[in-house]
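Engineer: Chain residues, written in single-letter form:
2 protein chains.
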Amino acid sequence: MTQLEQARQGAASPAMIQAAGTDGILVDNLMKAMAQGEAVLPANRRRAGSASTPVRWVGIGRGLSIKVNANIGTSTAQSEIERERDKVRAAVEAGADTLMDLSTAGNLDDIRRMVLSRSGLPVGTVPIYQTAARVVGRGGVVARMNAEEMWDVVAGQAEDGVDFMTIHAGLTQGALERLKKQGRLMDIVSRGGSFLAAWMVHQQKENPFYEGFDRLLDLARKHDVTLSLGDGLRPGCLADATDRAQIQELIVLGELADRARAAGVQVMIEGPGHVPLDQVQMNVQLAKTICRGAPLYVLGPLVTDAAAGWDHVAAAIGGAVAGMAGADFLCYVTPSEHLRLPDAADVRAGVIAARIAAHAADLARGNPQAWDRDRRMSTARRSRDWPGQIELALDSFTAASLHEAGGSSQDGVCAMCGPYCALKIVDECLHPQTPPERG
Amino acid sequence: MTQLEQARQGAASPAMIQAAGTDGILVDNLMKAMAQGEAVLPANRRRAGSASTPVRWVGIGRGLSIKVNANIGTSTAQSEIERERDKVRAAVEAGADTLMDLSTAGNLDDIRRMVLSRSGLPVGTVPIYQTAARVVGRGGVVARMNAEEMWDVVAGQAEDGVDFMTIHAGLTQGALERLKKQGRLMDIVSRGGSFLAAWMVHQQKENPFYEGFDRLLDLARKHDVTLSLGDGLRPGCLADATDRAQIQELIVLGELADRARAAGVQVMIEGPGHVPLDQVQMNVQLAKTICRGAPLYVLGPLVTDAAAGWDHVAAAIGGAVAGMAGADFLCYVTPSEHLRLPDAADVRAGVIAARIAAHAADLARGNPQAWDRDRRMSTARRSRDWPGQIELALDSFTAASLHEAGGSSQDGVCAMCGPYCALKIVDECLHPQTPPERG
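Read top to bottom, the protein sequences are chains A and B.
Per the numbering used here, the very first residue in the first sequence carries number 1229; after that it's consecutive.
Per the numbering used here, the very first residue in the second sequence carries number 1229; after that it's consecutive.
Source of the hints: derived by calculation from the structure; they are not laboratory data.
Misleading hints may appear alongside valid ones.
Said to hold, decoys possible - Lysine-lysine pairs mimicking PhoX-like chemistry, simulated, CA-CA at most 20 Å apart:
{"hint": "1", "chain 1": "A", "residue 1": "K1450", "chain 2": "A", "residue 2": "K1409"}
{"hint": "2", "chain 1": "A", "residue 1": "K1652", "chain 2": "B", "residue 2": "K1408"}
{"hint": "3", "chain 1": "A", "residue 1": "K1433", "chain 2": "A", "residue 2": "K1409"}
{"hint": "4", "chain 1": "B", "residue 1": "K1408", "chain 2": "B", "residue 2": "K1433"}
{"hint": "5", "chain 1": "A", "residue 1": "K1408", "chain 2": "B", "residue 2": "K1652"}
{"hint": "6", "chain 1": "B", "residue 1": "K1433", "chain 2": "B", "residue 2": "K1409"}
The whole structure should be built from the sequences, with the hints applied where relevant.
Structural biologist: This is the structure:
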């Protein structure tokens, strides 16, 4: 049985018990949301059943805190497995909830297995990348990928224990036609989407993952791989946001999500992309209605095209607003987005920025754990309890470094205001139980 | 005549012509917004009239792009004027629209005059800081400030050419009473607010800036200093947001804003602070209705208390949403907020993050200049025009550094995707005017 099928039967799995505990909710509530297809718990049967690699399972969806994914992976420019190991460590230390291995160069099997064995987190992939890398490795071009090889890769990665997979099954010939009719500034910016589009145009055939969706469901069900239905036509710039091509694909994703649930397969939906801030809420609501409340996994969204070098900040803005509107899962964006492959420092910055966005949205949604943290942080701040503030900071390491670099005096004020600390002055005048000091 | 009085007469000043040009709007529209008190153009008469120090004047308010302020200034921990010079340079290079000198240590007159002469930007201050520094410098305590000295400092700074001043004139005894009755986790976190509250509690008198508001208006009108009515009771944590004390002060600020306009004095309103994301829009709308559309100057707002070390990101989230809701002016927050005095690198990061927030909000508000930038950026991105992308990035320096560190191949793809560049693959399959390459 998949986690979804167990949830429908009211049989709490160890992973569910763990995930519910992490979020401080009753496992019954998690099961209800999962049974209705409004939450998922990505946990490949093989990984979930192995005692040797403890994984911090997380639930994603209704009633749960917003989770953060970090994308890592090689490119032809940097294909060393050691660098990926560093990125795994950086992502885990920074507090990522899940990892996706998006490698396209080096020994892809070795890298994926390293991520699965080292991370201790649910792991996702985009199998079409390995399919493309294989054909290019043989001296071919992406447009000539072999359809049967697409299935081999999905099956192989599922057997390795991959917990969730991005599959761009909604990118149909019909959606491509609408894209051409629409006219776009950026056409297709999804890598997986571009590979499939190139194949579809070259072969003049329908998307194999759409046509063979039942085959995909069989594979997913067998290994309990959570399907993350990718938005291959997501907008790549603000000017393309929320156009007919994007929404056409979303409609297909909604239909496929229904089929996945009917087959007992866990499914979530991937969302945009580049979206003007005033369209973020609407995009989230639309994806939720079209897909009957399926968990929504957004990439950013980036609220400007012009923040290159700082796209983690642009994504934090979009991610927070998306989360407030109901998005469940934020894919981080790093400072290197649009510019180069991220390094470990970029991974760290990306995870922290996305966690701030997720936390801000959790607060806006009234999450009790989030409010407890902020209340305790403010209590520590009020009493100038520096160890407490540093412990409660979303990034204790950076908070400690900055504070220590500034130094603080014996009466606990920091280097920003020194003796002009508002908190201290007000404490003395409004709560003068302590004798007023001369400062 | 003040800029406001000139606007009412339909007489465009050189500063107005410059500011309208920067924003790409008709000077008539700027004048209309100014005449109605819904836009300001902070330009001290002395500075505006001096040919020796060219200033990049900016309008703030209705119909204008959102502007960004950078706070600099010494504290007892770091009072060297050289460091402030570095921060001025960092803020200007990063694209700040205005600067506030919040110094509390060192030779305050020298530092302020350095900022006025070096920055080339409109400059603001919080005069009560210098008043407090004087009494502490004489060995006294802030609660024993001399009221007459408060006025001397305001007059002296106005004569120096300060373009806008934060005055916490709305922090009345009545508002303080409501604060005590309300009960707060963080009481008062505004430095100026805390100084005045300490004085008011100690002296058992009304706030001199409230009681003597007409005197303040005379000074402001004489020098054409724009009043930035400070929110001394702004919430210092999410738990205190939008409480009765905050809104009581806001009501008083609205009344004072009416009086300022009636006296021909330009006025803007300062807003929160720490605010949960779901309350940001409401806070902006409330300030706008209560204060009859006066330009709103927000500090952040920070959408979580727990982002110490990354408060520039928390502020960018709040600032973008506030801007979309109608805020006109974003005060940056740096990574060092709550931890130590910012250094030049912090100033740079704070300005960039706030500019991203302002730009995202400008886009959401349909600002044509903002949309033009993003369209051109995306066009450059699509054609893999790297010099174009770097030029159009909000922070060209960082974009260039990251891209160069990654390297790019001869066919223009970057190190992230390499030969698997979606844009290149799709260009070749959807627009095959160029012969397909083998990649």
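Engineer: Out of the numbered hints, which ones does the structure contradict?
Structural biologist: 1
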